[in-house]
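Make a model of the complete structure from these sequences and hints.
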Amino acid sequence: MPSIQWIITIHCTNAVPWRYSQGDPSRTRGGDMPIKLMAASRRRPGLTRAEYQRYIEHYHGSIARNERLKIDRYVQNHVIDGAFGTLADETHKLVADRDAVVELSFPTFRDMIETLEPAVPSAASQDGKFFADERTNVIVMAEEEEVPVPTPLTGFNPGLGIIKGVGSLKVLHYIMRDDSVFREDYYDHFRDAHAKALAASPYAREQLRRCVMNKRCRLNDNDAAARKHFKMVDPPVYDMIVTHWYDTIEQAGAFRQYIEALQAQQPAFADWSRSFYLYTREVPIIRDTPKP
Amino acid sequence: MAAQTRELAVQLDYTAWLKSTKPKADRPPLDAEEAKRPFAKYYSEDFPKPDPAHVAKMDKPIDSSLMIHPEQLNDLLNPGDLAVEIGWGHLPNGAGFIANRMIYPHVTAEMVDWWFVWHTLEDLRYRIWYPPQHAGIMLSPRSRARILDDSIPLAQRNWGVTHHVTEDCNCGMENIDISFISPKDFGFDMSRWKEPFVSTFAGGYGWAVAVDKKDDSITAPALMCHIFRPHPGGGIEHRTRFWMGYRFSNGKPELTLPPGIKVPDAAVRGLAMHNVHEFTRWGDFLPRIYKEHGGKLLA
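For the protein sequence lines, the chains are A and B, in the order given.
Per the working numbering, the first sequence runs over residues 1 to 292.
Per the working numbering, the second sequence runs over residues 1 to 299.
Honestly, the hints are just simulated from the structure, not real lab data.
Do not take every clue at face value.
[What the hints assert, rightly or not] Within a straight-line C-alpha distance of at most 25 angstroms, the following computed DSS-like cross-link-like pairs (lysine-lysine) qualify:
1. K215/A - K252/B
2. K228/A - K214/B
3. K231/A - K214/B
4. K49/B - K291/B
[Stated by the list, open to error] Between beta-carbon pairs, the in silico distance windows are:
5. D13/B - S62/A: 47 to 55 angstroms
6. P92/B - E90/A: 54 to 62 angstroms
7. P92/B - I249/A: 35 to 43 angstroms
8. T86/A - D13/B: 16 to 24 angstroms
9. D179/A - P232/B: 49 to 57 angstroms
Beta carbons: idealized from backbone N, C-alpha and C, even for Gly.
Okay, structure coming up:
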């Protein structure tokens with residue numbers, strides 16, 4: 001993953017006002033909603049996509065398992081295919097290349113900080129430069145909101161393991177907010193547009209098994225030091241990533257039907273030219289067996 | 001087609017609003033349209049200064065043992081006073097804490113509910129509240145529609161609405177997004193949500209960042225609680241609590257400070273002092289402006 005150093009640097013380098021004096025680091029009770037770090041990266045120069053994906057799964061993933069600390073869940077989403085912008089664009093308006101999106105979930109923000117900012121720097125925090133082009137990372141700290149779907153997976157589905165309600169094709173849809181839209185309205189507009197788009201897309205309505213809005217947390221606003229650390233220059237800001245699950249890659253056409261309907265919805269709430277979606281294969285690195 | 005009212009005409013999109021906050025932060029004189037508004041006189045009137053004894057209580061930090069954590073907010077529904085009703089300081093975990101109490105002999109819960117809806121609709125309404133430090137306010141189009149929806153009781157009108165205010169809490173002009181929520185969502189025990197424990201409430205969570213935002217500016221969260229109950233001597237008692245450094249996560253307060261980090265004294269004291277001044281002014285002029293404009297939102 002594109003490493004966790006960013007959080008470290010947020011608070012060590014950037015947060016001068018909060019560094020006014022030292023307080024008691026005793027913990028307080030947090031919420032039950034996991035907070036996630038979602039990092040989209042592309043491979044460093046010279047690596048093939050297969051080499052990159054092999055490295056992050058088998059080497060970087062192993063490091064994370066060995067240094068789990070307070071990570072609740074860690075999945076890698078290995079990119080199979082994707083599209084950037086719209087058919088109406090003559091050229092790409094953003095980096096049109098992603099090889100993986102990793103998701104690290106924590107019970108609380110404090111747990112995230114304590115994991116990503118350990119007293120002794122972790123091996124994982126040093127590893128990103130060996131596989132990722134870190135200055136083009138897109139990092140979003142997000143919280144989930146489940147969106148009900150008309151036909152969730154309820155029964156046996158071979159190959160999907162022990163987790164219910166997911167499929168083996170996971171689509172990550174990075175939707176850039178239209179600059180003119182207030183953030184609170186943007187989420188409402190998406191909910192409305194999503195419902196209308198599904199209504200207009202019978203194939204997607206039938207095949208979509210699960211949908212989750214990953215809404216950017218405002219804590220993410222304080223990421224200047226991270227951007228500086230990775231030499232990131234004006235990285236795009238995504239206020240939401242929507243995750244869709246379908247049974248298999250065979251249903252990718254259902255998402256295609258859906259997204260065309262979504263982009264046609266009014267009022268406009270997204271900058272579709274700077275939005276993108278990725279068809280991915282989910283690779284669990286840390287995911288505990290659910291307790292009965 | 002009916003002419004668009006001022007309350008709708010002032011709507012800006014997000015980009016335009018953000019751009020407008022820099023000139024607003026300089027608190028320019030009222031423009032010609034504003035000067036004609038029926039409540040413009042309140043902008044230039046003299047108003048009372050806070051009681052020096054009250055201000056003195058906000059001078060130095062108090063001991064953390066006297067404070068309540070946000071998880072203890074239901075203590076505010078207990079009869080009587082808490083260990084501290086006026087003061088500020090830091091919780092042991094570094095969060096900023098502010099308590100303030102104001103007594104308003106001539107204010108009612110109806111006035112409070114009306115005010116927290118009415119003042120959102122244009123800059124001048126926010127500026128007259130406390131002209132020295134209040135610069136402007138904006139709603140999103142959807143929030144504006146809810147605020148103007150008369151089918152929703154005034155006490156509930158702000159639930160789910162974000163006020164984008166520009167104000168100076170003694171650390172420079174900031175844009176603060178204050179998202180108001182219901183008392184239930186704030187964590188209050190609704191089985192006790194009645195008088196004499198409580199008359200009304202306005203609160204939620206906020207994110208504040210300097211108007212003159214730089215790349216490395218901090219966007220700081222806080223929980224805000226204004227809870228009102230009848231005062232035995234008549235009128236209403238207003239108790240404010242802030243927990244700076246906290247946000248809500250899945251309906252529960254969550255500390256966002258990294259280990260060892262403390263909210264700066266200047267930020268906590270500054271907000272505490274601002275609170276005393278703005279609500280001293282508010283208690284003085286709310287009964288008068290309510291008499292003129294209360295019961296309606298358009299002017």
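To see whether the hints hold, each was checked on the structure:
1. K215/A - K252/B: This hinted pair holds, its Cα atoms lying about 17 angstroms apart.
2. K228/A - K214/B: holds (13 angstroms)
3. K231/A - K214/B: holds (17 angstroms)
4. K49/B - K291/B: holds (22 angstroms)
5. D13/B - S62/A: 47 to 55 angstroms: Given range 47 to 55 angstroms: holds, Cβ gap about 48 angstroms.
6. P92/B - E90/A: 54 to 62 angstroms: holds (58 angstroms)
7. P92/B - I249/A: 35 to 43 angstroms: violated (52 angstroms)
8. T86/A - D13/B: 16 to 24 angstroms: Cβ of T86/A to Cβ of D13/B: about 22 angstroms, so the range 16 to 24 angstroms holds.
9. D179/A - P232/B: 49 to 57 angstroms: Taking Cβ atoms as reference, D179/A and P232/B lie about 52 angstroms apart, which means the hint holds.
Hint compliance for this structure: hint 7 alone is broken.
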